[in-house]
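Chemist: Construct the complete structure from the given sequences, taking the supplied hints into account.
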Amino acid sequence: MPDPTPPLPPAGPDEVALLIDDRPVVVRKGTTVLRAAEAAGLLIPHYCYHPGLSIAGNCRMCLIEIDKVPKLQIGCATAATQGMVVRTATPRVKTAREGIMEFLLINHPLDCPICDQAGECRLQQYEAAYGAGTSRFTDEKVHWPKRYDIGRSVVFDAERCIKCTRCIRFCDEISKSRELALFQRGDHAIIGTFPGKPLDNPYSGNTVDVCPVGALTWKPFRFKARVWFLRDVPSACAGCARGCNVNLGTYRNRVHRMTPRANLEVNRYWMCDAGRQSYAALTEQPRFERPLARPATDASEPIPWDEAVERAAALLREAVAAGADGVAAIVSARLSLEDLHVTQRALQAIGIGRVAVAPHEEGQDDHLLLRRDKTPNARGAALVGLGAPNAGRVKEILEDVSSGRVRGLLVVGEDPIGDGLIPASDLRRLPALVAIDWWKSPTVEAAGVALPACGYGEWEGTLVNFEGRAQRCRAALKPQGETEPVWRILAALARPFGFGAEYASASAVFDEAAAGIPALAGMSYRSLGTGGAKLKGA
Amino acid sequence: MAYDKLLTRNLGKPNSATLDAYQASGGYQGLRRVFKEFTPEKFVEEVKASGLRGRGGAGFPAGVKWGFLPKGLEVPRYLCVNADESEPGTFKDRLLIEQDPHLVLEGIIASAWAIGCHTAFFYIRGEFHKGARIFQKAIEEAYAKGLLGRNILGSGFDLDLIVYRGAGAYICGEETALLESLEGKRGLPRIKPPFPAVVGLYGCPTIINNVETLANVTLIAERGAAWFAAIGRPKNTGPKLFCVSGHVARPGVYEAPLGIPMKELIEMAGGMMRPDRPLKAVVPGGSSMKILPAAKCDVLMDFDSLAAAGTSLGSAGMFVMDSGTCMVDALWNVCRFYAHESCGQCTPCREGTGWFVKILKRLERGDGVPDDVELLDNVASRVEGNTICPFGEAVAWPVQSYVKEFRDEFQEHVTRRGCPLAAAAAR
Amino acid sequence: MSLPVSTETDRQIDGLLGRFPQRGSALLPALHLIQAEKGHIPLEAMDYIAGKIGVSPAFVAGVVSFYTMFQQTPIGRHHIQVCCTLPCALRGAGSVMGYLERKLGIRRGGTTPDGKFTLSAVECLGACDTAPMFQINEEEYGQLDERRIDAILASLK
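Protein chains in written order, with our numbering: chain H, 1 to 538; chain G, 1 to 427; chain E, 1 to 157.
To be clear, the hints were calculated from the coordinates, so they are not data collected in a lab.
Zero decoy hints are in this set.
Selected chain H positions facing chain E (in silico; Cβ < 7 Å):
no., residue
1, Arg178
2, Glu179
3, Ala181
4, Phe183
5, Arg185
6, Lys197
No more than 30 Å apart at the CA atoms, straight line, and that leaves these computed lysine-lysine pairs for DSS-like:
no., chain 1, residue 1, chain 2, residue 2
7, G, Lys235, G, Lys71
8, H, Lys71, G, Lys192
9, G, Lys48, G, Lys5
10, G, Lys361, E, Lys103
11, G, Lys71, G, Lys36
12, G, Lys296, G, Lys263
13, H, Lys71, G, Lys48
14, G, Lys130, E, Lys157
15, G, Lys361, H, Lys141
16, H, Lys29, H, Lys68
17, H, Lys176, H, Lys219
18, E, Lys116, G, Lys130
19, G, Lys235, G, Lys5
20, H, Lys440, H, Lys395
21, E, Lys38, H, Lys197
22, G, Lys358, H, Lys141
23, H, Lys71, G, Lys358
24, G, Lys185, E, Lys38
25, G, Lys185, H, Lys71
26, H, Lys176, G, Lys192
27, E, Lys52, G, Lys130
28, G, Lys5, G, Lys296
29, G, Lys71, H, Lys29
30, G, Lys296, G, Lys361
31, G, Lys358, G, Lys404
32, H, Lys68, G, Lys235
Sample of chain H residues with no beta-carbon within 10 Å of chain G, all distances over it, derived:
no., residue
33, Pro45
34, Trp228
35, Leu430
All C-beta atoms, glycine included, are put in the ideal place defined by N, C-alpha and C.
Modeler: So this is what it looks like as structure tokens:
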């Protein structure tokens, strides 16, 4: 009789070859069966296993059968060995999994209709795939507190908890804040905090992400949207120089949540709470949706784009004509590489030689993700030739504004008034103040002409993080009102000065920039993909 | 056959727990002999040759276990004495600890020497206040007489021994839970492999041996492997302490060679407590082991004979039940124990134990349904083999065996809407 | 801030910290010391010992809640722990518990109003040969019947 077992592929010295459900796989020595199965394109279901955390082995969902091993083994903690024959869907395995599903649900409230996790809940997914579909449990369930504020932003429902301890391990191993522990034992075991020491660390939201069920929910997202309506748009966080990879959970032209997207070279599986909530600024801060112009005495009034660009160009032309020293620009390192590249070219066309990129620093670099540099694209600013953020140069320009030496100022994405760097009255006195921003900042309100830009989530573009990794932000939302991406605004503003370049998209801008910047050589907008790419020499 | 008591030879003598009394009856001669006549490696071989199997419950050969220690690693090795005697029906280690601590201590020193351990721990369950005090005193005496500390008996061997008290958790009798507890944590069993002999206490190679096992090492040190192996039956060698409790006239610890007939042990314990109530069943090895109905009680009390009978010697905590015992009630009690003691770490045990209790409570109270009996058995089959530690079997086995052996009685609880025995007692 | 334990206990705990190859092992013995002094383990003491050992207070509280001997709230001066596991149950543990509940006028888990007795049902204490039995604080009493229980309780101050 022919041997029905497929032959094992050859394995290198640091590798082992094995069969998982008759699929040959070669993995590095020390790889677990669960990971090896993943490599072979097979899912071994699991709750407690998380690639970013230590192995706990407690959920028992990943039980699999190994030839010549009498008991079922857990895939998450069993190392693949040479010649191992693993089976993940035998009747024994299926019965065991069905049992685990039944056990996990006997004390679960089955309150899916009111649970935020519904739709992305492992209990739902696995019950459908591996469960019996019914329960033989007819007794009273164990009852626990529900809707309990376990931390500032995290709500705990102990009845939904399956004690996989992912959240505890996150706080012990990743945030190192150690607020959580398992209390009691048996079927009365419960996750908890020490009285007076709630779950409150800069990364607490990740406990919600790692929770495979609805036990931990993110307060700002509770009851906001059913997850099956959300479209996850892959992007990068613009909250600091790290550029954590994220998904923007979008529904009806609104971001409802921001969650980390795994990128082992940037943020692994995590993001900070501040970044997680950064999308909220878009709806919480006042927008202006049409260009504004300020008549000599009155408050700003909306005007059409053509007229606004004309007036802004006229203001800048006058200022430049009065002497190149009398005009300057303050540019934000929160802009995309595309914005910064066009800004750089536009400033040259307009004749503004004096430029400062504004720094924003807060706190310290921490052990995990948070960067003191709160600008997501300082490297990008330097790359396009605008220079690195420099507080001294910003200060000098603003001092010259106050003293009257500078008569024209173009502010792109910055708010020196709101940041307390200059009194509003000094900027209002300026003969030529042109501001470009996505929100109605005090500086916008003081501007002679203010041009409305797209906000985060509305624009497409690239950010270069502190490690020199170019990453794409994708537009998740339609731009509000008449807002435009900064690069398009700057191109329009420079056109009366002879600036001839036309761009159809951010992609076109990037490709032009890449052609001229050695560190970007060979890159294209498309090639950045969802994971980004490192700059040459970074 | 006349049998000279070995493990309990000093019991009942005045001041049996003191070093003086112990030495007066020849104590620590075995250790001297071992230091003189063996190398550590040879003594490991000697213990292997004796056939001594662990007395904690699993019955794994002690010398073989020692042999699992990795060779040539420059890290400390630890010996942890498992004195967390918590298996319901078991009270033999307590007896040794309280009445003849030096018999155990001598075995600890010899074993530590054999495996190259210089710091050993005596993990004793927290409730054994008296035992901990007595053993601590024995250790202090030993230090004072050069039996612990530096250069023991001029051998050049150093050993420190620390008493570590548990705090109320059955699961800490499981080797790796014990290690977690000793490290100051919740007593959650670890995933194996790695086994403690490779990665144990503080991540170092560690041997965990039961109290009675180590007392037997003393006997082997005194009189050698061949002598030891001649006691008992092949592959089931040496003397054994049997704990007999429940419905017997004189519950207690009885020493006999491995392989003594169960019925003889019951006779040693004075026979049944009430003459009017015959034997109904015996659990031979602590509550985790499968129950034997009276008809299956003509067995020998050793590892292999009981395995052949479908159960296990376990901790030799043998409890006897007479005809007045309701098996549903008894199993309810057993499952309450396991539900209370489940560490709560892994799914089948955490959820299954509580579920058993709920079903059994209903059955006993008369609220059972016909499917319940099958349900008990089936749920047990989904716990068994699927947990991190042997606790899963420890609860599944009683459930499966009580149901299997007394299925009619369980069914009767459904059809008669409650416990027939309780109803009879109430009449 | 004042110490949540006596200076003597504090000194003993300091002694424990260096006793083990790893400091964490000091936790259980330290908790025993705290309970010996206080009768239970107050939250402030958990926080204190967490700091000493270098673990989180949540971790300590998790450990305390795992082990049945550690009391998280004050209990009576005499803690009557009746073994109710099967070998004792076969020999009348249920009657012992019932008698104690009636005699003390409290249910299992309760404490008498004068704070003298706390009554608990506990799992196997490894003294099945003396069943039915209970432990009061650190002492064990076996072969219990109503007369013997009366005498034992009467002897306690």
